[in-house]
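Given chain A's structure and the hints, the job is docking chains B, C and D onto it.
Chains A, B, C and D supply the protein sequences, listed in that same order. Quick note, the first sequence lines up with residues 1 to 402 if you use the UniProt record's numbering. Quick note, the second sequence lines up with residues 1 to 402 if you use the UniProt record's numbering. Quick note, the third sequence lines up with residues 1 to 402 if you use the UniProt record's numbering. Quick note, the fourth sequence lines up with residues 1 to 402 if you use the UniProt record's numbering.
Hint data in this document are derived by calculation from the structure and do not stem from the laboratory. All residues carry an ideal CB built from backbone N, CA and C; glycine is no exception. Hints should not be assumed to be uniformly reliable.
[Unchecked claim] Once the Cα atoms are required to be at most 20 Å apart in a straight line, the calculated DMTMM-like pairs of lysine to aspartate or glutamate come out as: (1) K390(D) to E389(A); (2) K390(D) to D356(A); (3) K365(C) to D176(C).
[As the list claims (entries may be wrong)] A few chain B residues that don't get close to chain C, going by computed Cβ distances all over 10 Å: (4) R49; (5) P51; (6) E188; (7) A219; (8) R250; (9) S400.
Protein chains: 4
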Amino acid sequence: MPYDNSAPALGVGMIGYAFMGAAHSQGWRTVGRVFDLPLSPVMSAVCGRDPEGVKAAAGRLGWAAAETDWRALIERDDVQLVDICTPGDSHAEIAIAALAAGKHVLCEKPLANSVEEAEAMVEAARAARERGQLAMVGFNYRRTPALALARRMVAEGRLGTLRHVRVTYLQDWLVDPDFPLTWRLRKETAGSGALGDLGAHAVDLAQHLAGEPLAGVSAQSVTFVGERPLLDGQSGVRAGARNDAPSGARGPVTVDDAAVFHGRLASGAMASFEVSRVAAGRKNALCVELNGTLGSLTFDLERLNELNFYDNTQDPAEAGFRRIQVTESAHPYLEAWWPPGHGLGYEHTFVHQARDLVHAVAEGKGPQPDFEDGLRVQRVLAAVEESAEKNSVYTPIPGSPA
Amino acid sequence: MPYDNSAPALGVGMIGYAFMGAAHSQGWRTVGRVFDLPLSPVMSAVCGRDPEGVKAAAGRLGWAAAETDWRALIERDDVQLVDICTPGDSHAEIAIAALAAGKHVLCEKPLANSVEEAEAMVEAARAARERGQLAMVGFNYRRTPALALARRMVAEGRLGTLRHVRVTYLQDWLVDPDFPLTWRLRKETAGSGALGDLGAHAVDLAQHLAGEPLAGVSAQSVTFVGERPLLDGQSGVRAGARNDAPSGARGPVTVDDAAVFHGRLASGAMASFEVSRVAAGRKNALCVELNGTLGSLTFDLERLNELNFYDNTQDPAEAGFRRIQVTESAHPYLEAWWPPGHGLGYEHTFVHQARDLVHAVAEGKGPQPDFEDGLRVQRVLAAVEESAEKNSVYTPIPGSPA
Amino acid sequence: MPYDNSAPALGVGMIGYAFMGAAHSQGWRTVGRVFDLPLSPVMSAVCGRDPEGVKAAAGRLGWAAAETDWRALIERDDVQLVDICTPGDSHAEIAIAALAAGKHVLCEKPLANSVEEAEAMVEAARAARERGQLAMVGFNYRRTPALALARRMVAEGRLGTLRHVRVTYLQDWLVDPDFPLTWRLRKETAGSGALGDLGAHAVDLAQHLAGEPLAGVSAQSVTFVGERPLLDGQSGVRAGARNDAPSGARGPVTVDDAAVFHGRLASGAMASFEVSRVAAGRKNALCVELNGTLGSLTFDLERLNELNFYDNTQDPAEAGFRRIQVTESAHPYLEAWWPPGHGLGYEHTFVHQARDLVHAVAEGKGPQPDFEDGLRVQRVLAAVEESAEKNSVYTPIPGSPA
Amino acid sequence: MPYDNSAPALGVGMIGYAFMGAAHSQGWRTVGRVFDLPLSPVMSAVCGRDPEGVKAAAGRLGWAAAETDWRALIERDDVQLVDICTPGDSHAEIAIAALAAGKHVLCEKPLANSVEEAEAMVEAARAARERGQLAMVGFNYRRTPALALARRMVAEGRLGTLRHVRVTYLQDWLVDPDFPLTWRLRKETAGSGALGDLGAHAVDLAQHLAGEPLAGVSAQSVTFVGERPLLDGQSGVRAGARNDAPSGARGPVTVDDAAVFHGRLASGAMASFEVSRVAAGRKNALCVELNGTLGSLTFDLERLNELNFYDNTQDPAEAGFRRIQVTESAHPYLEAWWPPGHGLGYEHTFVHQARDLVHAVAEGKGPQPDFEDGLRVQRVLAAVEESAEKNSVYTPIPGSPA
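For reference, chain A alone in the conformation it holds in the complex (with noise of 0.2 Å):
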């Protein structure tokens, strides 16, 4: 039974079914079951290469079929929406293909794995738009309700002038020299390392929590380990953790295990990155500080309920950094879940991002962020590394103010 009769169906067909596509399952899945929504998700299919995976794994998610291909995919008829959830290498020819097919576009983050795919995909979403379709990159942690509102806060003009954005992003799960080689740590399909995967969030969440892009980079990147042992065909990061490789063959990293790198917003204020996957005891820690004339902001996704705020017009002896629990009714998203306290969790993002997407294609009117949201930050990584490469030199980002 729908669970809106009067709500015109979205039919949503979904492109990997890895940790992502899990997760995006849960979003499509819960979202009209939270939310007042103008139009009801169906999830009509989901494609894979594995034609045992993807049957099961639809069964499991709860998409009502099954693809190999995904240009089968894209082409059906109960499919308005394609939601992309592959390795980055496939982004822009899935992207631009689903685009030419009349459909509206969900793509993970990052974007592609190179600013001319990416330039090439902003281009054919364009295009689209025009037609009335829809193209949002997963930049999925701008919903996370604490950072939601964490923007709103700044967009109020609660920071007064920015000075300073800092953002850290760090995983451990690298650290073990032994952890093998899946298609995360390999070039060819994901781009880079921590710096596409942790990266592109903390320099998207950058400049959106400013409001403004990023002008320039001073970038370092590094590998530690330098070969780990080989594996076939898995993906996603507990998987890896198993390591059925065969034992003794080993291949080499050709991604970034780490990437520190500073630079300067439009407006001035001086911002600051680092994003490792090597930082033992660091699980999923996105931290976000923002200091500005008015005051502060700190964030950190191990504890995502909340957001501390430092307000600086207060008496300075009541001041101090006050730890809001992103939890009331009048917090981001939070009407539609529970009463204060009661807090959410990592994939609500998802639900999230499924719900401001839904009214987006309703309203006919562009979600953020778009491709070319995902392009900015694309070439902030691409001045990453080419810092990297010509000694941490100040490089521009193309297209921002200098």
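Structure of chains B, C and D alone, referenced to chain A:
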């Protein structure tokens, strides 16, 4: 399309669709998408008194049918398990009838509004048990992964001999004297106030984590705000905040705002409890601390993905409370979820509750906590009320070791 | 060279030179170097029974002379103020004699080991007060800047009407069953265990911060480790850890390891307390929480430079517990110390205590807490013991409002 | 009365008596009262230009004599050790002269305002070293017990191979554009701004904790507030807050408000730094994180009694950052202080610095950090400035491994 064709169906019928009903629905909807289950839960029907309301709720929450009479619901052939999400005053009648109708039962906490009702429910459950039916009470916080890990560590002896159990459960939604008189503030519907609502969780967790019952208690309770605005029909925490009562009309609050009590566990360990709904700034602060001769554990529901452990066997120069992020695949329930550091939320406790209940039904062996656990809690709550009435004198718990 | 030639001298004589004596010495030595004082404290003489020990202590701690008989010390012409740092069993005798000898008195907490002694001390202090002498009891934690700020905020009405006071004071140095039987574990010297040692602070702070007395209490206490290794002569917490007792010889512990009690303040607010010296991992965890209708405050002595404030009058979308770093010049005592964020330590409470006492002596008024405050605490501790013996029955505090 | 008659005296003469002078005085006054020392520090004389001011300071801070000419002070017979607490522009001249006069020297950080000065100081120190004189630079934070413990743990190999060092040092006293133009904001007196003031600590700690030097850096720096109110004569952080400058008159700020840089350690580990005096809400937030293959450490000066340790060799199910309260007698410097959990403050770092320097003088072997350490820091700061001027290009540190 069912998510697993090979697993036999388990039809679920739910009574009540407010806050708890929404949370349970999320549990039933999600559980089979995440966990491998021996039975496939089907959301057959939901029941509520208001025909329009229940129909809308069914559509929204994903139940296949709507009923307005719970007696009809428990008789449905497509319902094998009755999930009771109503206020406490109707638990006994519904649960006993559902068991008599041959159904498994999941009953929200507190089990009942009185020891007598709880005893009758236990008796019904015992009889039904012999017919192969199961009865579970919804102390969902046991299934917070961090608290499940805490229980595992206590059971493994990591704390040594227990000295202290300390539980406080603080909220603040009743600080506002104009918060309306919902069912939760009337003795005839809720049984008691903070005591039954929050204290039931606190007592169950203390006994569950310690692995032993309370022997007796000394208590006081208080109602700070004696009258509140009248309100028609609404329930739930957030609902009431809207306060659409006629101005001026007030009615008496007949339950406690707060209660505090201390007691002894059967082993001689000291236990202390405090519950309140008028603790400004505390949103859902269920804080647990266990101190043993070999170690200590602390937990705060406002940071539900974390468990803090002090290992007293370590070198003092390196000892300290350790913030365990309970998001590893080695942690309870986590093998099915996201990578490390990607936290879960409040509602996941209901997914885990559903998971364990489905396994229990399939295996025909009793789910924990059962109605006896619920009765044990009820007896403690009754002793708390008795002690509070009798000048806080130490009041033994009937059925517990002296 | 005296640090202020123009300020008249105030000769101080101290009795006892163990842990407390060292801390008080640090206070007397430092106070005039940091604060502007109307009198110039001079560390005239220290007293202890062991001639070698006290002489070494005088040299080490900076006292000009050493005495072995406290009666000699209180008669010295260069002593105007007697600072009593001995175990509780000698407080009454020394304080009364010192007052009779015309001296001002600072007496370590707890004021005495019994209500009777405390009453006699109050009587002596009253008589001395008419002769212009002052008597203060050493509840030094009142002078932690964060708690002084807390008191100021309560007095200013920032919390509104108080609902809850919650104090726990947990340590763990008695978890080890082989920690020796120091004077702190014998009723004849210490009066009680965790209760007098930690509970005295907890009760004084609760009454001081709330600005009102406890009306009555319901209590239990427990001794988990009944016998401990015998030890000769030593005192202090760390001293005992060395355990140089003859192997095998054990003696009975005659005080409590832990106590828990709840009560009501005169205004009807609820109060709860727990003190323990067997809470593994808790080193000096004096945690205070106050909840009022307009706001809440929390404090943890293990992070003594911080006070957390929840302002319930704020917009819920931005409300949260605020971590005030109590290191601003606008904070109590801080105008004399370091720049913001440069925290103080435990011993500074003794500097502040000395500062306020010197001012009181110069101005001939105050000081707080006086012996009446000490008696008030003693009466609560006695009621706690009485309640614990009488099945936890609610026991009114003599002299408090019903 | 000297606190230890048998220990030979070590006469100390201090130059400068503002913030740093007060902190050093507290160190010299306290050290012999707490620690067993081979020499007995005597506070012989203090020096400042203002005759009234220095006389008052001598009285207040406890120095036996006052001088107005530092050349006179370093010639005094009762001064064997010269403690330099002036702004950086006079360090070189005074230190070199004091060493030439045969004195031991303790010089506040940064060692100098330029590499050239620092090199001259190192040369003077080397020559003096052959005559048995010692020279130390005042990187006092090395002697925070938690950071001393951190260094010990790194040296013991508890972190394995280092991957990341991350240091941020944030304050906010310059957010206010009307904070006056004190000496700390002028290049001619302070050398640089946040960089020399905060960055010097950050760099020294990174190199000290890692046990290896930085090889090179890439940097940017910024001055957000270009002009500030003029002020006569005052110094210090709090002093300036009073702002008694004539209204309207402003002068140019010639130092940086903030700097950010990343680099590589000799071993190849990545290092990142950020320092700012305009980070609203950050009072004295010196945060350090070290990630190695076997574990990680984190520290925040705003909670200076705590060190957090993640032991990567532990069972993942029980692993987590451990909050070590660095107050155990097994911790560096703590055997002389209070019982566990009784924290120290900022000023104790100066007591510990004095302790170690007195031992070094007595034993005739070099104190750490010596002037070479100071020079090493100075070279990094110079490379930071050079890189910031040259488009952030990676700039090797002279004398460091490539």
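Hint by hint, here is what the structure shows:
Annotation: proposed proximity of K390(D) to E389(A) holds, straight-line Cα distance about 17 Å (limit 20 Å). For a cut-off of 20 Å, the pair hint linking K390(D) to D356(A) is broken: about 45 Å separates their Cα positions. Restraint check: the Cα-Cα separation between K365(C) and D176(C) comes to about 45 Å, which exceeds 20 Å; the hinted pair is violated. Remark: the non-interface label on R49(B) is consistent with the geometry, its nearest Cβ contact in chain C lying 32 Å away (cut-off 10 Å).
Listed as outside the interface, P51(B) is consistent with that label: its C-beta sits roughly 35 Å from the nearest C-beta of chain C, beyond the 10 Å cut-off. No Cβ of chain C approaches the Cβ of E188(B) within 10 Å, the least distance being about 25 Å, so the stated non-interface status holds. With a least CB separation of 8 Å from chain C, A219(B) falls inside the 10 Å interface cut-off, contrary to its annotation. In this structure R250(B) is separated from chain C by more than 10 Å, as the shortest Cβ-Cβ distance comes to about 18 Å.
Non-interface call for S400(B) relative to chain C: holds, since the shortest CB-CB distance, roughly 16 Å, exceeds 10 Å.
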